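Those sequence lines, one after another, are chains Y and W.
Per my numbering, residue 4 is the first one in the first sequence, and the count goes up by one each step.
Per my numbering, residue 4 is the first one in the second sequence, and the count goes up by one each step.
In short, the hints are calculated from the structure, not lab data.
Fair warning: there could be bad hints in the mix.
Heads up, the list lumps identical chains together, so a pair's fine if it works in one copy or across two of them.
[What the hints assert, rightly or not] Lysine-lysine pairs mimicking DSBU-like chemistry, simulated, CA-CA at most 30 angstroms apart: (1) 81 / 362; (2) 317 / 291; (3) 441 / 213; (4) 110 / 70; (5) 441 / 169; (6) 249 / 441; (7) 81 / 317; (8) 441 / 250; (9) 362 / 169; (10) 362 / 441; (11) 169 / 249; (12) 250 / 339; (13) 169 / 110.
Computed from a prediction, not measured in an experiment: that's the story for all the values here.
2 protein chains.
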Amino acid sequence: MLSMRLLEPITINGMEMQNRVVLTAMVTRLSGADGFVNENIRERYLRFARGEPGLIVVEAMGVHAAKSGPLLRLSDDKFIPGLRDLAKEVHDISPSKIVPQIIHFLKIARSGWRQRVRDLTKEDIRLIIVAYGDAAHRARVAGFDGVELHMAHAYTLSSFLSLRNKRPDEYGASLENRMRLMGEVIARCREKVGEDFPIGVRFDGEECIKNGYTVEDSKELALRMAMLGVNYISISAGGKFEDAIKKEGEPLYPYTGYSGDRCMPSATYPAGDNVYLAEGIKGYINSKGYTTPVITTGKIPTPDFAESILQAGKADLIGMARALLADPDWVKKAKKGRADTIIRCVYGNVCKNLDENFKTVFCTLWPRGKIQAPTSSDDVAPEWPNGGRLEARPEAGRILLSWDEATDNEEIYGYEIFRSRNDEPFDHHTAVRSVTRKFADTRVVGGDRYSYYVKAYDLAGNRSPATQTVVVDFPIGVPLPVGEPLPEIRCGESSPDDEE
Amino acid sequence: MLSMRLLEPITINGMEMQNRVVLTAMVTRLSGADGFVNENIRERYLRFARGEPGLIVVEAMGVHAAKSGPLLRLSDDKFIPGLRDLAKEVHDISPSKIVPQIIHFLKIARSGWRQRVRDLTKEDIRLIIVAYGDAAHRARVAGFDGVELHMAHAYTLSSFLSLRNKRPDEYGASLENRMRLMGEVIARCREKVGEDFPIGVRFDGEECIKNGYTVEDSKELALRMAMLGVNYISISAGGKFEDAIKKEGEPLYPYTGYSGDRCMPSATYPAGDNVYLAEGIKGYINSKGYTTPVITTGKIPTPDFAESILQAGKADLIGMARALLADPDWVKKAKKGRADTIIRCVYGNVCKNLDENFKTVFCTLWPRGKIQAPTSSDDVAPEWPNGGRLEARPEAGRILLSWDEATDNEEIYGYEIFRSRNDEPFDHHTAVRSVTRKFADTRVVGGDRYSYYVKAYDLAGNRSPATQTVVVDFPIGVPLPVGEPLPEIRCGESSPDDEE
Chain Y
4 MLSMRLLEPI TINGMEMQNR VVLTAMVTRL SGADGFVNEN IRERYLRFAR GEPGLIVVEA
64 MGVHAAKSGP LLRLSDDKFI PGLRDLAKEV HDISPSKIVP QIIHFLKIAR SGWRQRVRDL
124 TKEDIRLIIV AYGDAAHRAR VAGFDGVELH MAHAYTLSSF LSLRNKRPDE YGASLENRMR
184 LMGEVIARCR EKVGEDFPIG VRFDGEECIK NGYTVEDSKE LALRMAMLGV NYISISAGGK
244 FEDAIKKEGE PLYPYTGYSG DRCMPSATYP AGDNVYLAEG IKGYINSKGY TTPVITTGKI
304 PTPDFAESIL QAGKADLIGM ARALLADPDW VKKAKKGRAD TIIRCVYGNV CKNLDENFKT
364 VFCTLWPRGK IQAPTSSDDV APEWPNGGRL EARPEAGRIL LSWDEATDNE EIYGYEIFRS
424 RNDEPFDHHT AVRSVTRKFA DTRVVGGDRY SYYVKAYDLA GNRSPATQTV VVDFPIGVPL
484 PVGEPLPEIR CGESSPDDEE
Chain W
4 MLSMRLLEPI TINGMEMQNR VVLTAMVTRL SGADGFVNEN IRERYLRFAR GEPGLIVVEA
64 MGVHAAKSGP LLRLSDDKFI PGLRDLAKEV HDISPSKIVP QIIHFLKIAR SGWRQRVRDL
124 TKEDIRLIIV AYGDAAHRAR VAGFDGVELH MAHAYTLSSF LSLRNKRPDE YGASLENRMR
184 LMGEVIARCR EKVGEDFPIG VRFDGEECIK NGYTVEDSKE LALRMAMLGV NYISISAGGK
244 FEDAIKKEGE PLYPYTGYSG DRCMPSATYP AGDNVYLAEG IKGYINSKGY TTPVITTGKI
304 PTPDFAESIL QAGKADLIGM ARALLADPDW VKKAKKGRAD TIIRCVYGNV CKNLDENFKT
364 VFCTLWPRGK IQAPTSSDDV APEWPNGGRL EARPEAGRIL LSWDEATDNE EIYGYEIFRS
424 RNDEPFDHHT AVRSVTRKFA DTRVVGGDRY SYYVKAYDLA GNRSPATQTV VVDFPIGVPL
484 PVGEPLPEIR CGESSPDDEE
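The following block holds chain Y by itself, in its conformation from the complex (with noise of 0.2 angstroms):
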């Protein structure tokens, strides 16, 4: 085992997490509308397990019975049974310790009506408090190890705290009346699951949107919930419904709009693109005393940029879910020092598509037509029956690269590209599922020289050998304006005419 602070333990309010990844709460749709756990649901929470990231978090659970899709429910102790056995599988197999993400949504329809803050009565705020204390309390029954409040993203919570509540009443257009509900929530919850028992809150630390609030704002509502005993803070970003996209027959849905882009980075965002908010509000809750651990999410792809991240004090936890997706094993295989046999997530957001499609969510990467990831512990990494023949060649702006099929005693996986820009040091570049043996890199600059070579993967993540290193001086589209001739342009008329 590797010294590393990620792989540390940490105790919140009694709950003893083995190291600090969380996996964060994740739309699966392998749920049904009923609301109960099932097999599909069973079986997605156990593999987690297996992999023993210190959290799980599991997928948003309504408080109340509000009609929606596939969603599981805490809103009626007739949904117990099914959770204690589901928390009861995971402790007996694994030292995760479990949660559920507690969630009230307002109503939409398919028309694009949606309920706003503004319509709700003073009873219908009353009803939501009772609905998430009960719902808390449930948690405790069930024998999970704390609760997570849903108060990011496009639902209820969230948009009370909203920039744009200007609800004229006590709970809203203030920074203060904006806070009530939680605080209101956050009150009801503990007093309903006792002091000794763990309460997160997961909240955006920017909504991303046109006059949302911004981590200004972010610091502040930290900093209350520090102040009213939260034990967690979890931080997203984005997922709003202001700036959704309206997919015609289709209930208005988050995620699909710019600040769904933010919440979920993808492959054209930097490596933890996300961490300043968690850093901000983290520095400014220690900074007036409070030390509640704060988790930071947002594409963080490998243990040593996880690392890096606690290592620099801005978070104390690191979030994750679609890394834990593409390998649920990621927590597992870096305890053994084999961080170099994870399957890494290529933030291609398949997974985002096929959750704003209302399809089952899973991993573009996993063995076709599978719902769930592959276990494997072979050890026999693949071969390459030819060395690969990896060949790369310049065109139309892009390298186009392909190689022949590798073999494995067990299956082939997929590849996964490394390459180096003007000699610098060899990256993780991306990967392709194995079916797929060619790759078109468009993020290539001219001038410059880029090395390739691919390894093939199994189900266990045992790397092939390299294939040989191939090498493409990649040509500029424009001469460099030294020493060398300009483009040949025809000098004609300067204004194009005056039209529209």
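Fit chain W to the given chain Y structure using the hints.
Only chain W this time, still in chain Y's reference frame:
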């Protein structure tokens, strides 16, 4: 004169700037649709010049003759005389250097239709390159000190750079192809203006739209610009069509959506919210051996804050538009060591809203009815006849302030509100115009103590003495859990009816 890097000279390809402050291009809507310099334009820029920023970038001028609203033009030699007079007058009265920003834009119609990158033929593209080169040449002929190529926001060059540019030919889809037109325009302009004339580029460090590029790409774009011999790189953000909000009967206008907020961060954003873009870009090009100066912009309120950015090596130059609109003498006052007399922008974005509504852009802090900033060399500070009689009371989640009128030998210009939280040092909180003698502070947090005082200021920015300090213990909206009663909630039915 204080010893600040901000106030040190810098020479950019022979252009000797007296200090590191750049007035970045800003829409004024003072020009006519004819494209000529008129008296209002002349007054606006001479007023800026008297404040002595290192560099004045004049608002965008069309390189072509396509129809638009009010817009200066450099699309024909006939525009040269007016611009030559403007440049000469600026040079006569000020050490400020002055360059025009030159722009090409695609066609838009009130119907909502807009021309896309993919609609352009190769001949259209060739004409854009030619028009840019000719306009850059006219900038030199007109006596400007350089020229800035507009490659930011919603305009043609930016649309080619965009990650959403999927043109299937050599001008789109891959990073290298997206950079092609930029490179051809820069090379052409250099050919036309010669080696010894400064060429700057302004472009987006991040598009801030769904599927837009991030700093991962803008680092490469900036590197290419540096390699192509661009003399400064000015970093903006957002301001795109893709998320603009359509207004009935008006052409779609960028800056109206979230990306517009990111372009001109309002009071709800942290100061210097976009500095990370310049920092990332500067760090990257410097690491590749290029020292091309990088300009950062976006809510940089004070000389001290600007200086901290330079001292930290995050940028080479400080760009500002709104802060200099609020007080064109910002630099002059900093040079005198009298930053305390700067009329501070409150980032309320009234100017941004005027632009969005196609109205003449002025600063809301200016005396009512004026379309130019006032000038005064008065040095007598305002007085409070009766101490100001500042009052503050909490109400409806806010703290309401009110005070009496101040007097001045000249004219009371506005009132500046200072705030301390929990006995921390007082900060400038905001300012209001002289017709308003009240303020509602909606950003107060329950449980905290807020102290306020107010100063009146005159047209020259002389501050009155402070009013007496008033203190408010602001009540918390939700009881804290420890030793406090919980809100009374009747335990009722936990699930609202299933309905939609």
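What label fits residue 169 with residue 249 when the C-alpha limit is 30 angstroms: within, between, both, or neither? both (24 angstroms within a copy, 23 angstroms between copies)
If the cut is 30 angstroms between Cα atoms, do residue 249 and residue 441 qualify within a copy, between copies, both or neither? neither (35 angstroms within a copy, 42 angstroms between copies)
Regarding residue 169 and residue 110, is the shortest C-alpha distance of 30 angstroms or less found within a copy, between copies, in both, or in neither? Classified as within; 19 angstroms inside a copy, 37 angstroms across copies.
What label fits residue 81 with residue 362 when the C-alpha limit is 30 angstroms: within, between, both, or neither? within (27 angstroms within a copy, 61 angstroms between copies)
Homomeric proximity label, residue 362 with residue 169: Cα distance no greater than 30 angstroms: Classified as between; 27 angstroms across copies, 34 angstroms inside a copy.
Can you give me the call for residue 81 and residue 317, within, between, both or neither, at a CA distance of at most 30 angstroms? neither (41 angstroms within a copy, 57 angstroms between copies)
Copy assignment of residue 441 with residue 250, given that the CA separation must stay at most 30 angstroms: Close neither inside one copy (33 angstroms) nor across copies (46 angstroms); limit 30 angstroms.
When no copy is named, should residue 441 and residue 169 be tagged within, between, both, or neither for a Cα gap of at most 30 angstroms? Between copies, since 21 angstroms is at most 30 angstroms while 52 angstroms is not.
With identical chains treated as interchangeable, where does the CA-CA distance between residue 441 and residue 213 reach 30 angstroms or less: within a copy, between copies, both, or neither? between (40 angstroms within a copy, 27 angstroms between copies)
Given a CA cutoff of 30 angstroms, do residue 250 and residue 339 count as a within-copy pair, a between-copy pair, both, or neither? neither (45 angstroms within a copy, 58 angstroms between copies)
When no copy is named, should residue 317 and residue 291 be tagged within, between, both, or neither for a Cα gap of at most 30 angstroms? Both. Shortest intra-copy (16 angstroms) and inter-copy (28 angstroms) distances satisfy the 30 angstroms Cα cut-off.
Indicate which option fits the pair residue 362, residue 441 if close means a Cα-Cα distance not exceeding 30 angstroms: within, between, both or neither. Answer is within: at 27 angstroms inside a copy they meet the 30 angstroms cutoff, but 54 angstroms across does not.
Checked against the numbered hints above, the structure violates hints 6, 7, 8, 12; every other hint is satisfied.
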